[in-house]
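Enquirer: Numbering-wise (the working numbering), the sequence shown opens with residue 1 and increments by one.
These aren't lab readings, by the way, just hints derived from the structure by calculation. One should not assume that every hint holds.
Label-pair restraints from in silico Cβ distances [said to hold, decoys possible]:
1) Ser6 - Val60: 21 to 31 Å
2) Tyr4 - Gly64: 28 to 38 Å
3) Leu35 - Glu84: 18 to 28 Å
4) His13 - Arg103: 46 to 56 Å
5) Gln3 - Val60: 45 to 55 Å
6) Asp50 - Ala23: 13 to 23 Å
7) Glu16 - Glu62: 24 to 34 Å
8) Asp50 - Pro108: 19 to 29 Å
9) Glu16 - Asp81: 20 to 30 Å
10) Ser121 - Gly64: 13 to 23 Å
11) Gly65 - Asp33: 47 to 57 Å
12) Leu35 - Gly64: 45 to 55 Å
13) Asp9 - Arg133: 37 to 47 Å
Given the structure is predicted, the values throughout are model-derived calculations rather than measurements. We put the CB at the ideal spot given by N, CA and C, even for glycine.
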Amino acid sequence: MMQYLSYTDTRSHLREVLDTAEAGLPIGIRRHDTLVSLVESGRLREILMDSRRLRRPEAVAEAGGWSVFLPGTPVAADGADLAEAVDEFVAALREYAEDWQARLRFAPNHQQHWPLVQLVSLASDADLAEWTRGSGP
Numbered sequence: 001m002m003q004y005l006s007y008t009d010t011r012s013h014l015r016e017v018l019d020t021a022e023a024g025l026p027i028g029i030r031r032h033d034t035l036v037s038l039v040e041s042g043r044l045r046e047i048l049m050d051s052r053r054l055r056r057p058e059a060v061a062e063a064g065g066w067s068v069f070l071p072g073t074p075v076a077a078d079g080a081d082l083a084e085a086v087d088e089f090v091a092a093l094r095e096y097a098e099d100w101q102a103r104l105r106f107a108p109n110h111q112q113h114w115p116l117v118q119l120v121s122l123a124s125d126a127d128l129a130e131w132t133r134g135s136g137p
């Protein structure tokens, strides 16, 4: 059973709350009618990388180069070789995540990309490159 603390209790016991989340135990904060779960970022990143809700990037060789794209999103990149295309794709993911946080999250056709933005925000460039190539976290 998840323990939910009030905002005030959380502030008073912040060290214990963070220790609980870091240990992988369920903990959350309740503020008015909103419940927020705290999860150690590495665990969440791994879950998102393996999530079935996130489609996997696809790479195709075409016109003497490579293209990498994420179906169902506007994220795509090209490169002279696969390594360059993956690097450009990671940069495109970062740009999309920034745009999503700034304004796209309000657009109905982008709201469902919350898991992708969380993954991009939690992962390193190396993690994202491995995920793009299909080799996991």
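Enquirer: List, from low to high, the hint numbers that the structure doesn't satisfy.
Expert: The structure breaks hints 1, 2, 3, 4, 7, 9 and 10; every other hint is satisfied.
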